[in-house]
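*Asks:* Take a look at the letters that make up each chain.
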Amino acid sequence: MTRRTPLGRAARCARVAIPVGFLALFFAWPLGAIFARSLRAGALVDVVTDPVLRRVAWFTLWQAVVSTALTLAVGLPAAYVVARYDFPGRRAFRAFVTVPFVLPTVVVATAFLALLRPGGPLEFLHWQRGIAPMLVAHVFFNVAVVVRTVGGFWANLDPRREEAARMLGASRFRAFRHVTVPLLAPAIAAAASIVFLFTFTSFGVALLLADPAHATLEVEIYRQAVELFDLRTAAALALLQIVAVLAVLFALARVQERRAVAQRLVGAADSARRPRGRERFVVGAILGVTTLFLGGPLAVLVWRSLHVGAHWSLGSFRALGSSASASTLFVSPWAAVRNSVEFAAIATAIALVVGGMASVVIAARPGRATRTMDAFLMLPLGTSAVTVGFGFLLAFEHAPSGLATSPFLVPIAHAVVAVPFVIRAVVPALRSIDPRLRDAATMLGAAPRRVWREVDLPITARAFAVAAGFCAAVSLGEFGATLFIARPDWPTVPIAIQRFLARPGEINVDQALAMSVILMLLTVVVVFAIERVRVRDLGEL
Amino acid sequence: MLEIEQALVRFGDRRALDLVDLALLPAETVAVLGPSGSGKTTLLRAVAGLQRLDGGRICWDRADLVAVSPHERRFGFMFQEYALFPHRDVEGNVEFGLRMATTDRAARKARVDEVLELVGLTGLRARRIATLSGGEQQRVALARALAVSPRLLMLDEPLGALDRVWRRRLLTEIRSILDRAALSALYVTHDHEEAFAVAARVAIMREGKVVQVGAPADVWRAPVDAWTAAFLGFGPIVRAEVRDGVVHTPWGPIPARARGAAGWAEIVVRPDGARLDPAGSIDATVLRSTFTGTRVEVEAAAGDGPPVTVVVAAGDAPAVGERIRVSIDPGALLVYPVPAD
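For the protein sequence lines, the chains are A and B, in the order given.
The working numbering puts the first sequence at residues 1 to 541.
The working numbering puts the second sequence at residues 1 to 341.
Hints were generated in silico from the structure; no laboratory data involved.
Please note that the accuracy of each hint is not assured.
Claimed, not checked - Cβ-to-Cβ under 10 angstroms is the rule here; a few derived chain A residues that face chain B:
| id | residue |
| --- | --- |
| 1 | Gly42 |
| 2 | Glu397 |
| 3 | Ala446 |
| 4 | Ala461 |
Unchecked claim - Per the computed footprint, the stretches of chain B lying under chain A, defined by three or more beta-carbons under 8 angstroms from a beta-carbon of chain A, are:
| id | stretch |
| --- | --- |
| 5 | 13 to 25 |
| 6 | 29 to 42 |
A virtual CB, placed ideally from N, CA and C, is assigned to each residue, including glycine.
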């Protein structure tokens, strides 16, 4: 606007410097450490020519492609039903589909173990750990991506296009094939690439559900670094992975640019209708199967956690506090719960401050410098958690001892992962504010800082709340990065679960189940509680 | 009082304000009238301090405002489409400026009551903005701007988003409110009827310049140039030659009323200047008639000029294709000599 006070200029500099500095220190530097290590003395050549590691790379690619295809097969029918039909509980179903997506990987892995282990309802499959449970768990996780991305887009497609095709003599199937499918293609491509990225960089599910012979790149990086102490090879693998992910992201951006078709979108309410006649069975079947698939594993997890042997019992939960387990663990599981909650609070606070400052800058002035900053802050999205954790390990192992051994590295790593989500949630909200509202507040006597407090903050409060819920969920469930940097005496809940699962014995599995239930409840409660916060005076916009 | 001297604002190569001079008298309403893109809103934003000047100055009581931040100017601003705060109810919007001025709660409440009563919205205190009609929103915006008793009120197209019936009703209300509050006001609009109805003086803007300032009747009687006349809704601009006291129009010769040298001129006919007249010298053919409610506007082709528009009573409209005779009142013919190139 008009005048610039020295104080205002300082604040503006801080809003650029703090986010960029934060990510430079805690993202770019760790990544640089990986680069530096991987470029040492032929590490890359060794990795590329090693037949075992090549097999790992191929398996990673293969399982990602198969997982993506399966996810589309399960998710598209549900997306169709949610987009085109109005049925009782539609909103609840949409929310329910999202639940697995915000659940920690460790919880999902434990849920599938509970399904498949001796005494579980699917014991007869004799799957145990292997490729199949891993693929199914990937589908379980990512169905939400397809339903939300494709379903959301589909719901806003004007159904009159299809009706126009019908009037021109196309059968129902041909109208779908020649009108709807081409229009949906960009949304399907976007959903598929996101699912591909998630499954390509899958760590928790792959580590806990696949057998050791089938490692993904992520698992292999972890194994090389932590179990074999071969940091050189781990770094080279991490570099390969980053290049592969960036290639996918780049291709995705290109596809979206090329396929973008200007279309008239309509409100979702216009296009949804009650199913009629035979449709009712189809819709009902799709809803039933999807609900069973997504709800079954979680129900079994809860049910099994409340049993010891064949009897109902809270024994598994009670054992969490007992000293029997404390002898093999450094800390009690309840301490892990406290760690997780504290770390989540710190990570959320950091991510909101850093991401909020960056959002204000990005939303305020479109331009090249801002776009560059935006792109830089998005980079953590394209980087796997294991890469971040491994980078921390390399970058901070020789840092001043205060930092290297600080338990605070864990929430900082979580914040690095969460900052892009904050920016993606808050920037659109800030941009949606009519700039004249700020002018109006100014003309009524509000100084610049007051304008921010009276206009920007209340209007974007909801976006901040959603972002906070997401940050907390990310932090509570974060596994890949935490595994590298959590101090043995400061484990989070996912780490504690992994420790239980890594040890033999029925009692340990029971405790892993109990902790998974606790973590699941914690995540769901935090996400929904924060999203439900009613902000004073907040109106619909 | 407000004085604008040689105000200049550049947007790239374009001058959005091009050396504008304008002064307001106490309790006077001046309408800033011009087509879109003529710099009206930029002028308001410059006075508000939301737009920096590239030259010239804006003073209040002879003191330059350049060092006064917009939020300290105590100017009221009613924005186009109102810019009401969607996250606050009617009361929250109206009391906003009072809260900024840290008025105590009881005084605030009393003042809100007062202005809500002034604009006739007493019953709507707790309503959400989204539930109000356009006319109600407009009055909330007016109440919000008035609540802090500004030294100057600026209104940017305050009736722009409303339908016809509301426009007429609110125009009268705004005028009486401005009169009662004895406020100086700058009223921006593109509609000359609105400007004439509300303001003591009108400033006409074109491409960043103020081309004419005057009382509505004076402006209407003698628009400063052909463009201004056309903008006020007078007939199309036509080229004609003035010779021997006669204007040779494409429709035929008309005696020249005004002094002025011979030569080429741009001529414009007042809306009521042409009439059906069996003795008229212009022979015309009816092209179409437009029924406007109380009367009919008849467009007729005549000579080799553009169609002439004749306004007749609703019952008297000739049929399309009919030959009519038209006369143009020499007093309704505005002649603007074109400077020799």
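*Asks:* Now tell me if each hint is right for this structure.
*Replies:* Hint check results:
no. : hint     : verdict
1   : Gly42    : 56 angstroms, violated
2   : Glu397   : 49 angstroms, violated
3   : Ala446   : 5 angstroms, holds
4   : Ala461   : 9 angstroms, holds
5   : 13 to 25 : violated (count 0)
6   : 29 to 42 : violated (count 0)
Violated hints, in rising order: 1, 2, 5 and 6; the structure is consistent with all others.
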